[in-house]
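Given chain V, work out where chain X should sit, using these hints.
Residue numbers (my numbering), protein chains in the order written: chain V, 1 to 385; chain X, 1 to 422.
I should point out that these hints are in silico values taken from the structure, not numbers from a laboratory.
Positions of the beta carbon are idealized from the N, C-alpha and C atoms, including for glycine.
All clues given are correct.
Below, computed lysine to any residue pairings styled on SDA-like, alpha-carbon distance capped at 20 angstroms:
id, chain 1, residue 1, chain 2, residue 2
1, X, Lys-22, V, Thr-230
2, V, Lys-155, V, Thr-145
3, V, Lys-83, V, Val-149
4, X, Lys-22, V, Leu-377
5, V, Lys-83, X, Leu-105
6, X, Lys-225, X, Asp-8
7, X, Lys-84, V, Val-65
8, X, Lys-225, X, Asn-63
9, V, Lys-83, V, Trp-95
10, X, Lys-186, X, Ala-209
11, X, Lys-82, V, Leu-377
12, X, Lys-225, X, Glu-50
13, X, Lys-82, V, Glu-384
14, X, Lys-82, V, Arg-57
15, X, Lys-84, X, Asp-11
16, X, Lys-22, V, Glu-383
17, X, Lys-27, V, Gln-231
18, X, Lys-186, X, Asp-131
19, X, Lys-27, V, Leu-233
20, X, Lys-27, V, Glu-235
21, V, Lys-155, X, Gly-98
22, X, Lys-225, X, Asp-46
23, X, Lys-186, X, Val-133
24, X, Lys-27, V, Val-223
25, X, Lys-84, V, Leu-377
Just so you have them, the derived chain X footprint on chain V, three or more residues with Cβ under 8 angstroms:
id, region
26, 81-90
27, 149-159
28, 224-233
According to the in silico footprint, chain X covers these stretches of chain V (three or more CB under 8 angstroms from chain X):
id, region
29, 63-77
30, 374-383
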Amino acid sequence: MTDVHADTGTRSPDGDAVADVSTTSTLISQKRQEELADRAVRVAARGSKPERIVSARVSVRLRLVEIWRARELLVFLTRKEIKVRYKNSVLGFLWSMLNPALTLAVFYILFTYFLPNHIPFFVIYMFSAMLVWNLFQTALLGGTTSVVVNAGIVKKVAFPREILVLAQVGSGFVYFFYQSLVMLGFMIAFRHGPAWSDIWILIPALAALIVFVSALAIFLSAVNVYLRDTQHLVEVLLVAWFWAIPVVYAFSGRVQAALQRHTIFFIPHTRLIWLYFSNPITPVVMTFQRFFYNIWNARSTLLTPATLATPARPAVPATATTPALPAIKATPAVPAHHLPISVMSHYPIHWYVGADLAVLGVSVLLFLGALVVFGHLEGNFAEEL
Amino acid sequence: MTSNIAVDVVDVSKRFRLYHEKYYSLKERVLHLGNNPYEDFWALNDISFEVAEGQTVGILGRNGSGKSTLLKCMSGILQPTKGKIVVRGALAALLELGAGFQPELSGRDNIYLNASLLGLSRRDIARRFDDIVAFAELEEFIDNQVRFYSSGMYVRLGFAVAVNVEPDVLLIDEVLAVGDERFQEKCLDRIHQFQAEGRTIVVVSHSVALVRQVCDRVVVIENGKVITVGPPGEAIRAFRNCLLAGEVPVALPPEEPDEPGAGEPVVLPERRVVITDVVARHSGPPGRDFLSPGDTLHLELQFQVNEPLSDVAFGCEVLAGSTGFVVYSCDSSMPEFGQIHDLDPGRYRVEFDFDELPLLDQTYTINVWIQDAGGGVVHARLEPATTFAVVSSGRSTGLMKVPLRIELSALSASGSAVTAAG
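The shape of chain V in the complex, shown without the other chains (with noise of 0.2 angstroms):
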């Protein structure tokens, strides 16, 4: 620095620019170590911080806190999610109520008078298992395609990139709780009371849903941006799922009977029930339908709606404590058109329970596994899209 201030000085033609020059000098390096003494002592000022590492492995416990850390984005990503989604369109926001409503009135038609399942209530009985289906069925697609759909930001912002996939299931939530809306209507249309004391049910059982699909949606977003199948894989997959949940048929009677005749694959001493049993939707759907449906079999129809209100508990003795695979009594195959056919199985309350709990256990796990794996393939994000 010297020597240029010095190089200007001996061009100067009098010797007072030169010394002229070399004070100024000494003033802005003066200023200059002021500057950074003040700089010092705000930076002090500013206090200790989080310390955040970047590195090819980190830790799962690190991954959850950054999630936390931003719970304020996943907010607003849901929301931008929710709001961009029916912008523009007409109906808007209705469309997210229409488009179960359909499917509905569809099974509804199809299951009263083409193909009777002989099921009361039967409006009742498939929304309160839609319900559950639809968030898990929105939450799952939109969360696998989360990341490659958000390449733009995913290549250009950091920030947890589960919350892309987090923010999808929160969105189903939203459509959920609206969904919810349009089922208390029904009820109040159709006259049909939910089992109001054993509301806190549901609170389990929505804990393992949403654990369990951010789970499966969170491995399967990862995925995504390596194999660009993924996504229609999970379409397809979600058809047949479908049907492995009691949503348009009736659980006990005919199909827990064949369920419980039947091996898996022809594997001696193995019985089809346990498979049924092992899909982590069943429990929670069976628990809306405790709640919402709330009949035990169809001769509850014949009741005044005024007792189906507060229905007589079914004085059933806890036949399973092991919810994974339920002993269940052998109800003997009544033909549906004879009445009275079960609609439900006859399980306590604690049987639901204990189900979406076992449930929920296996999803945390599912859930560190799949921020695991996530954590692996995120490095080359960037890269891949």
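Positioned in the frame of chain V, the structure of chain X alone reads:
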């Protein structure tokens, strides 16, 4: 300076797999399983350096040197293949303005979304919302959908959000250095304000001028490796060396007379004149490979004339850096030189002496040529005759070092007014 480290880059390497063909579908993946040729490309190689809190660090490197990859790793957009980066404090990376803007949403919604993506909390956004809108000058349009914004409004909004994110550590890519002058000034103002507030800044650039202007320390990267870490002057010199390494050296090797024109850029087909040698010397200490403002430069051109020529003049021009801006151009037939020569066949030497080159930080190129004084015919031209870098130790920018003094005098001031000029 405090000893706290804001960003600690430890042995960071990043490998890219360059597949000859990229397969995304399951069928293609299965078909080409284990049979998909690729090359490993290490964009970053064992990079280590530290950024102290409150420091402003520049990362210099030419295109493809890995500096943007490094920035992306620091921000967490890419994960390093090996090594780790520890960041203390909230970090915001500005790699693109308005990244993630949703055209369907209003400006208001986009401010919240974008700021949130950059790591601002809802409360902070609400507090700064009016500032952001005022900065972007979009008060009337803030509730319009962003897709109706002009590109200028779009950029302004993105910039307004970006500068209002006030992180502890700010990473800036050179994308912010594009745009019009006013825009750049705003950006620079903000950087200075951040510095004053004790924030840590990492700037990626290939602009020496910007780095010199704002940085306390500079990391020079070439081929994914750290060349130098040091104060701006020293590091910029190293960077210049890197740039020059790939170009014509200061002194050309003499050409063989019996192979006239070999490797010569532009020569007339007649080859009446062949430039055989160029030597460049500066007045600085021997061994120094750059010029300081005020150094003299001596350029010596040897050439061979093969047939008698009349009205010969010698020309030269000085071009600045990559822009090719002509700083100076002349030829000896111009009145101020008044030199026109008739030459017989033989060997000659012509010397150009620049008594002073009042230039600032840039890489400069000098081209020389031998021409007919009437214009028209260029007998021989050497492009470039030499390339040299100027490294000044001041912070002023531009092309020319203009002798300037700044003085303040108090005309009327209450109390003890400080007069800096003394």
